[in-house]
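Q: Position chain B with the ligands against the provided structure of chain A, taking the given hints into account.
Residue numbers (numbering that gives the first Met the number 0), protein chains in the order written: chain A, 0 to 324; chain B, 0 to 324.
Just so you know, these hints were derived from the structure itself, not from any lab.
Treat the hints with care, since some could be wrong.
The list treats identical chains as interchangeable, and a pair is accepted whether it falls inside one copy or across any two copies.
As the list claims (entries may be wrong) - Under the rule of at most 25 Å between Cα atoms (straight-line distance), these lysine to aspartate or glutamate pairs were calculated in the DMTMM-like manner: (1) K32 / E167; (2) K84 / D215; (3) K208 / E225; (4) K232 / E212; (5) K305 / E212.
Protein chains: 2
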Amino acid sequence: MKTRSVLLVAFAFCVVHSVAAEPLASWNDGPAKQSIIEFVEAVTTEGSPDFVPVAERIATFDNDGCLWSEQPLYFQLIFAMDRVKELAPQHPEWNTTQPFQAVLEDDHEALAASGVEGVLTLVMASHAGLTTEEFDQVAREWLDTAKHPRFDRPYHELTFLPMVELLEYLRDNGFKTFIVSGGGIDFLRVFAEEAYGIPPEQVIGSSIKASFEMRDGVPVIVKQPEMNFIDDKEGKPVGIHQHIGRRPIAAFGNSDGDLQMLQWTTAGEGRRFGLLVRHTDAEREWAYDRDSHIGKLDKALDEAGKKGWTVVDMAEDWKTVYVPE
Amino acid sequence: MKTRSVLLVAFAFCVVHSVAAEPLASWNDGPAKQSIIEFVEAVTTEGSPDFVPVAERIATFDNDGCLWSEQPLYFQLIFAMDRVKELAPQHPEWNTTQPFQAVLEDDHEALAASGVEGVLTLVMASHAGLTTEEFDQVAREWLDTAKHPRFDRPYHELTFLPMVELLEYLRDNGFKTFIVSGGGIDFLRVFAEEAYGIPPEQVIGSSIKASFEMRDGVPVIVKQPEMNFIDDKEGKPVGIHQHIGRRPIAAFGNSDGDLQMLQWTTAGEGRRFGLLVRHTDAEREWAYDRDSHIGKLDKALDEAGKKGWTVVDMAEDWKTVYVPE
Ligand SMILES: [Ca+2]
Ligand SMILES: [Ca+2]
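Just chain A, same shape as in the assembly:
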């Protein structure tokens, strides 16, 4: 007789798991930290009316201005600018075409105004034709060598320690953490695993199209000069649906680009959590909100008041801003 039973025995084994002695250690005690802890305890306590099974504990995070800084320009825009300058000799037409002209003339205001689409246009033009592996290498080299003009540190070190702790705290409580960024998905994947502990398959972002080709009998994926998806504003809940297929129970952002993601997340049934990081700290980071070209926080701030979303006051709520050197 053949047995068809798949699972016959169960046995226990142990894994060593490191846990923060004190979760959210870089957060000052206050309403923001308290709201986070209350939410996590409510959805993870068995028997609680707000209990959520592990498989449904999905949390989505914006990146620029939420997990790392975004001033004086989106970091990926600085990367694309450096790349455009490098390739400019082969593209004389860029001297008189926007947004390339602005890059070559270091006109930051024109660039900042070009927004997410400006970044993507530059990315498209400067990265199309590269295989995914070539792109990975170009981005890695830039991240390893380029330094932020104000802090003189590599860009990937300008991540927010309190937010990195928050990601860890959520994962320690059974959450799966995702990035949902207007930035380029392939660029984010180069550093997200090391900086945030978020693997490539949990990164959602804007993208250009790609195609599968054989080059000398070797299969490659090549980036194409055509927009695929803009993961910003209304695009964020759509990107979440396409990639995750499940509505998050918590969402974290910092600007009006995150409004729809927070609306979609917090409109679900059961207990939900929305949080906005407000840049209030000109001394340690930057202070900007309603009038900023980059990371404009206006409508979402009004809605946070109405919906009871947590608003982090960076100057008040964070003991430390950046991860230690």
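A: Same frame as chain A, now just chain B with the ligands:
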């Protein structure tokens, strides 16, 4: 003094983990089963020259004809046909337009010939305008009630037990298992978690576009009558890149639609694994390959021989075909 240490102590805790007494119990001993076990042992044994860290143990599976049957028609096509018949009174133009006419006249040959794009056209027409939650409910109801004409069982029970065991065996060995299907991503997600243990965020498939809208102040995502992505042939490695961002080390399919996924997977550095399920069992399932409209296996079969991919002979290699009732 503030401490900036995030991780101060580590402690061990235990999880109970169930493991199959005998992995791949429904597989006969033979070269196919042996090749799977040899591969898994090589990439999971520390110190082995082929060792692969857990984070990189990505395995991708085609669905139709690989994880469940696909005869006499793709099951999702039968679902879309049932839906078209239901909606036909509101669409008199369908009586004279293909592929709708074929549906209403039960012309299976014309439908089979319409392939993945035919399915998607029907899906698009019959599901556009539904919110993602409405679609989910419609698909769930169909899966709960519709029965396969030959076996008189719900379609989601016609999954292959040996492949379900293979998914479990890989996961027990630290692999992350993904579906990469030409079928519709939202349809797959309705049953993949229960049938295969694969959560929605690990399902990749074809899709139509979606948009974020407010309906009476409630945010919804609405399916649109426009193709977004066809996850078949060259589309499979592209879909893998966009969703996972990491090249799999093992890929499993059954037709020429999987050729590029297997090429992309097995061309990576280090030890790789490719497998094709060959339908050789007319008695317990179906027998078809080079001349079939559905699941044509021709070029990929030739390439399997050259590349050393495993070819499963369903009649020889599987003790049991379907999961037990
Ligand atoms: Ca942002
Ligand atoms: Ca197939």
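Q: With 25 Å as the alpha-carbon cut-off, assign the pair K305 and E212 to within, between, both or neither.
A: between (51 Å within a copy, 20 Å between copies)
Q: Please sort K84 with D215 into within, between, both or neither, judging by C-alpha distance up to 25 Å.
A: Classified as neither: same-chain Cα gap 30 Å, cross-chain 49 Å, threshold 25 Å.
Q: Using 25 Å as the alpha carbon limit, work out where K32 and E167 are close: within a copy, between copies, both or neither.
A: This pair counts as within: shortest intra-copy Cα distance 14 Å, inter-copy 39 Å.
Q: State whether the alpha carbon distance between K208 and E225 is at most 25 Å within one copy, between copies, both, or neither.
A: both (6 Å within a copy, 17 Å between copies)
Q: Have a look at K232 and E212 and pick one of within, between, both or neither, based on CA distance no larger than 25 Å.
A: between (33 Å within a copy, 12 Å between copies)
Checked against the numbered hints above, the structure breaks only hint 2 and satisfies the rest.
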